[in-house]
Structure formats: structure tokens, C-alpha cells
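Participant: As a plain string of letters, each chain reads:
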Amino acid sequence: MQQVRWHGRGGQGAVTAAKILGMAAVYEGKYAQSFPAFGTERRGAPVQAFTRIADRPIRDRSQVYNPDYIVILDPSLLRVVDVLAGLRSGGTIVLNAPVLPAGFIIPPGSHLVLFHATPLALEVLGSPIVNTIMAGALAGATSLVGLEALKRAVIDVLPEKVAEKNLYLVIRAYEQVAGAGRREVHLAVGNN
Amino acid sequence: MALRRFLNGNEALAEAVKLAGVEVVAAYPITPQSPVVEKIAEFISKGEMESEYIRVESEHAALAACYGAAVTGTRVFTATSSQGLAYMFEMLHYVSGSRMPVVMAVANRGMAAPWTIWADHQDSVSCRDTGWVQLYVENAQEALDTCLQAYKVGEDPQVLLPVMICLDGYTLSHTEEPVEVPEKEEVDAFLPPLRLPVALDVENPVVFCAGAGPELYTEFKYQQQQAMYAALLKLKEADAEFAARFGRSYGGTVEPYQCEDAAVILVTMGAVTGTAREVVDGLRACDQKVGLLKIKSFRPFPAQEIRDILSRAGAVAILERDCSYGYEGALCTEVKAALLGLDGPPKVYGFIGGLGGHDITREQITAIYRYCLEGVQPGYGTDHFLDVAGARDEN
Amino acid sequence: MPSATTKLPAGPHLPTPCFGATTGSWRTHRPVIDASLCNHCLLCWLYCPEGCIERGEKLKVNLDFCKGCGICAHECPRRAINMLEEA
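Chains as they are written, first to last, in my numbering: chain A, 1 to 192; chain B, 1 to 395; chain C, 1 to 87.
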């Protein structure tokens with residue numbers, strides 16, 4: 001079983017991203033769970049969401065303590081949340097940032113994928129909603145789900161009026177990260 | 001061909017309500033139930049569902065409206081949680097005493113105070129004696145399937161009782177997972193249209209919910225009790241028919257898992273059952289003889305089945321998300337009573353946990369099994385109140 | 001166990017008089033309608049709290065349920081209803 005923890009702020013779409021990823025996995029014939037960190041929804045407050053993906057039905061209902069993947073939608077969260085808590089050894093961090101933020105220490109053996117999603121979101125959507133971009137980046141950097149299933153999930157989850165633009169974003173992020181290949185990902189770790 | 005969708009428990013229930021051809025819905029919003037009726041309202045506004053959606057000023061009014069609609073012989077649905085369910089309390093008895101097969105989803109949430117929006121079973125367990133059939137589900141698929149079965153059983157002429165479908169708030173209500181949504185035609189074949197023996201008919205007027213003196217009151221209450229016993233059998237039958245048609249079975253009343261040769265059996269209700277299954281598989285892989293008994297039907301209580309399954313075990317642990325303050329978990333008391341008089345009964349341990357949304361982990365469940373395998377003498381009342389930081393461990 | 005349950009419907013939903021319970025015995029005065037004065041305005045039918053006025057060619061009072069409250073007589077604009085003491 002693969003476990004993903006999404007970090008964002010209320011309104012940035014972390015919960016939706018978790019759902020899109022899970023749905024994509026189900027479209028590929030796998031099993032998945034997606035859920036928010038349970039509680040009230042408050043715009044701007046740090047939020048978490050989770051996706052579990054497995055090849056057999058997922059029965060575990062406990063919370064995710066040791067994620068294999070951590071996706072951080074907003075680099076300002078690094079100051080206020082222990083975003084790396086519980087990251088499984090050898091796990092992967094996907095961070096929305098242009099460069100490695102000063103003082104952000106990547107645990108040894110883990111992988112970092114840097115993807116600067118905010119300018120892209122501003123350019124295409126006119127707002128800094130980066131959830132689908134980061135879902136595309138995560139999928140591009142890993143073998144969690146393929147692009148086709150991800151595209152289908154984006155169409156099914158998002159309202160029609162924003163689906164097309166997000167489809168473009170997901171494809172662009174996926175291809176950019178997948179094209180970079182794992183070597184460059186490791187390089188990012190080396191720069192740490 | 002059923003459609004494999006990615007739905008949370010609330011959405012799965014809304015799909016079931018649509019498939020069941022529910023004609024009247026009345027509900028008042030409360031977290032974590034609200035998305036069920038929001039989704040239903042969306043179906044109605046899009047014309048996907050032909051129903052009357054009655055907006056009400058409170059949960060009490062919601063169930064009163066459902067009661068009034070049910071009396072006309074229509075299929076109705078409502079949903080609530082926690083304080084909302086408490087506010088319905090008076091109407092719960094009216095509906096069950098009037099034998100109206102109303103179906104209600106309860107997205108389980110702890111009771112204030114302290115105020116909480118997170119899950120435990122205190123809300124519905126506190127309504128144990130209201131004469132409603134209470135079914136606890138383990139996942140979103142079971143929520144959908146149980147909703148269809150709830151109408152089937154509740155509307156059976158030998159039953160005619162309201163049914164509560166209890167799903168852990170957030171853990172099930174807000175968690176998406178794959179759910180097979182059956183075709184409308186398949187559901188129609190399983191669930192015939194509602195035919196109430198007495199329904200509002202201006203040509204043949206009757207007094208609904210008439211008053212009764214002590215003798216007749218007792219007769220009606222006895223009849224209600226008989227209907228509950230009939231429901232035990234009907235739940236099994238509905239599950240068997242559902243399995244034949246849709247290929248999914250939940251045991252109707254109870255669902256044993258790896259219990260045949262188990263030395264220790266854990267008894268659970270609701271979502272934590274899934275986590276416990278993982279633990280059973282893990283311990284079985286280490287040659288530990290452990291099993292799991294899911295109580296799906298808390299009312300009617302399948303005492304005989306429980307007794308038969310647990311009588312072979314050396315120890316039984318009950319893990320529940322409620323407390324009957326001053327004694328022990330309500331389920332613990334019920335299970336102990338079911339075992340009364342057995343020759344060489346199992347030791348019974350009560351565990352209360354997962355209160356107000358507290359997570360129940362695999363490690364905790366593993367520790368419960370290991371504790372019971374040690375054979376410590378159980379005490380009276382609750383042996384263990386989990387997750388209490390800083391409290392002394394009396395065992 | 002011998003039980004009346006078999007004869008009862010599921011739930012206390014019964015045609016009147018429910019359980020043989022009538023209220024006519026509560027009455028000390030009965031309404032009597034003078035047909036020569038009645039013009040069928042039906043105000044008595046409207047106001048009767050127990051629904052005891054039966055419409056027809058001639059209005060009738062259902063004395064199984066009439067409690068003798070006198071509201072019909074009080075409301076009748078033609079004073080066609082008199083409350084007579086029960087013998």
C-alpha cells in the first residue's frame with residue numbers, strides 16, 4: 001500500500017487533489033481511499049488530506065502516520081507545520097517552490113521533487129490554486145497513477161467550467177516532471 | 001452492469017436513496033451528515049430524482065415531516081448526527097411505535113459536552129431503546145447496500161419498523177473509496193414498491209397513532225417487540241437475497257471473521273472492523289488464533305448467533321466507541337448477557353476507545369489481542385478506557 | 001400466550017371509534033337542530049371541534065361523539081340549534 005499526505009491551506013484544493021489521485025487509481029483498477037484530516041473546514045488554515053492506493057481492498061480505517069509521499073502545495077506551510085512528520089524512509093517529497101527553501105532539511109535517503117506550480121497556476125487560472133498541478137507533478141515523478149487515469153479523474157471531479165484548464169495544467173506538470181526523470185529528482189536532493 | 005465509482009459514505013447513501021425511489025426527504029443539516037442530503041437535493045434539482053424535499057426548521061420537524069409522509073404510504077428518508085439525533089428523540093418513539101418504515105442515516109458523531117464534530121457511536125447507541133432497527137456499517141459500499149436492505153426489511157409486512165443506518169462520521173462519511181453502484185432495474189427487482197397495510201386514505205379514514213389504555217398499549221408494545229424478533233430473520237433473508245443478486249453479503253446481523261478456531265475474538269461495530277480485519281490477518285500470519293465478530297445489527301440484538309460464535313472462544317474482547325456512564329460500554333453489557341449461563345464461558349474484556357474521533361490504530365488492536373491472550377482475570381465494568389493520557393492504568 | 005395482538009393492526013391506526021372509545025357519554029346537553037330554521041350555512045359543521053355534524057339533506061349530529069360543548073348552538077346565526085338537557 002502507498003500512502004500520500006497532502007499539505008495545503010483551506011481553499012487550495014488539497015482535499016480535491018487527494019480525491020483526484022484516488023479516483024485515478026480506481027480508474028486503473030486499483031483500490032484507493034481518500035479523506036481529509038477530519039474536522040472543520042476553514043479557509044486559509046493549514047489542512048491535510050490523504051490518499052491510500054493498493055492492489056487489494058483497503059480495510060484499514062486508521063489515520064496515515066507514515067506516508068510514502070508528501071505533497072506540499074504551499075511553501076509557507078514549512079514555517080508552521082511539521083510537514084515531514086512520519087515520512088517513511090526512502091519516501092518522496094513534492095514541494096511547490098522554485099528552489100529549496102533555506103533551512104528545509106530533507107531526511108537522508110528521501111527524494112525531493114521541486115516544482116514551482118504557483119506561477120503556472122497564476123498564468124493559466126489567474127489564481128494560485130495549484131492542487132491539480134501538484135497532482136500531475138506527483139504522478140509524473142512516481143508510478144502511482146498514469147496520466148490518462150489522472151486526466152479522467154480531473155474531468156470527473158472538477159466543475160465543467162474549470163476542468164479544461166486544469167486538464168492542461170495536469171498534463172503540463174506530469175510531462176515536465178516525468179520528462180525530467182528520476183536522475184534530476186535525485187539531483188535536487190544532492191543540492192540540499 | 002454496476003458502475004464502479006469513487007464515493008464517500010455520504011455520497012454512497014445518497015445514491016442508494018435515489019436507487020430506492022425514495023419519494024420524500026426531510027432533513028436538517030448537521031456535520032458530518034449534511035453532504036448526504038446536499039447530494040440528494042442536487043439529484044432532485046437536476047431532475048435525476050423525483051422526490052419532494054421538505055425544508056424544515058429542526059431535526060424534530062424533519063422526522064415529524066417524514067412521519068407524516070410515511071403515513072401516506074410513501075417511501076421516505078432522513079439523516080442526522082449527534083445533537084440532531086438527540087433532538088429527534090421524541091419522534092423516534094412516535095415513528096417506531098406507529099410502525100412506520102422510515103429509513104434514516106446517522107453519520108455517527110460524539111455527543112456534547114465537550115463539543116465535538118468527530119466520530120463515536122454515543123449518539124445512536126444512546127437511542128438503543130427507541131424501537132428502531134440499528135445497523136452499523138463498515139465501509140461506503142456496505143452503507144449503500146445496507147440502505148437498500150433497510151427498506152426491504154423495514155417495509156416487510158412482518159416487520160414494519162424504522163431503520164437507522166449508522167456510519168462513523170468522517171471515517172466513513174467523508175472517506176472516498178471504490179463503490180459499485182447497481183443499476184436501477186436490479187434494485188427495482190430486489191426492492192418492490194412500498195405497500196403499507198394501513199395508509200392515509202380519505203375514502204377509509206382512520207385515526208393515526210391513536211391513544212390506548214394500559215391493556216392495549218401493552219398489546220401494541222408486545223407486537224413491536226415481536227416485529228423486532230421478526231426483523232432478525234428478515235435481515236438474514238434480505239442479506240441472502242442481496243448476495244444472490246449483487247454478489248455482496250454482510251451476514252445480515254453479524255459477520256464472523258476467522259472465528260472457527262479462535263482463542264480470542266474481538267467484537268466490534270462499524271468502521272473499526274476494517275482495521276481489525278487487517279490485525280487479524282497479521283496475527284494469523286504469526287500463528288495466533290484470533291478472530292473477529294462484527295455486530296451489524298445492534299437492534300434487534302442477535303444474541304443467539306453471538307452466543308454460538310463466541311462460546312467456542314477462550315476470551316472475548318469488546319471494542320466500542322460508546323460508554324454507558326456508570327457501568328461499561330453498552331455493547332459489552334449486551335455481549336456478556338448473551339453469554340450468560342454458558343458452561344465454561346469465555347473471559348470477557350471491555351474496551352472503550354475511539355471517542356470523539358480518537359483514532360483506533362492497528363497497534364492498539366494488536367495490543368488488545370495480546371492482552372487477552374495472556375489470560376488476565378477480567379473485572380466488572382470496563383476494563384480499559386483507551387487513550388487516556390496521564391490516567392493511571394488500573395490493570 | 002393469548003393475545004389480542006393478532007386482531008390489531010401493526011401500529012395504533014384504527015377507524016373510529018378507536019378501541020370502542022366514544023365521548024358521547026361525557027354530555028349533559030345535546031344539540032337539537034330545528035330544520036325549519038336551518039339554512040345549511042354549515043357554520044356548525046365548521047366550528048364543531050369534534051367533527052360531529054354530519055352533512056346531508058338534513059344536518060345530523062353524531063351523538064356517539066358529541067360532548068355537548070354547545071359551540072354549534074353558540075355559532076348558529078339563526079339560532080336553529082338548541083341545547084336540551086339530557087334526560
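Be aware that a few hints might be false.
Quick list of simulated restraints, FRET-style, between CB atoms [what the hints assert, rightly or not]:
(1) A:S89 - B:V56: 49 to 57 Å
(2) B:L3 - A:S89: 47 to 55 Å
(3) A:R152 - B:P193: 47 to 55 Å
(4) C:P15 - B:D281: 45 to 53 Å
(5) B:D281 - A:G146: 24 to 32 Å
Cut-off 20 Å, straight-line C-alpha distance, at most; resulting in silico cross-link-like pairs (DMTMM-like, lysine to aspartate or glutamate) [unchecked claim]:
(6) C:K7 - B:E180
(7) A:K30 - B:E180
(8) B:K289 - B:E255
(9) C:K7 - B:E255
Treat the hints as calculated values from the structure; they're not laboratory data. Don't be surprised by glycine CBs; every beta carbon is placed ideally from N, CA and C.
Participant: It remains to establish, for every hint, whether it holds in the given structure.
Facilitator: How the hints compare with the structure:
no., hint, verdict
1, A:S89 - B:V56: 49 to 57 Å, "53 Å, holds"
2, B:L3 - A:S89: 47 to 55 Å, "39 Å, violated"
3, A:R152 - B:P193: 47 to 55 Å, "37 Å, violated"
4, C:P15 - B:D281: 45 to 53 Å, "59 Å, violated"
5, B:D281 - A:G146: 24 to 32 Å, "29 Å, holds"
6, C:K7 - B:E180, "44 Å, violated"
7, A:K30 - B:E180, "14 Å, holds"
8, B:K289 - B:E255, "17 Å, holds"
9, C:K7 - B:E255, "37 Å, violated"
When each numbered hint is compared with the structure, violations occur for hints 2, 3, 4, 6, 9.
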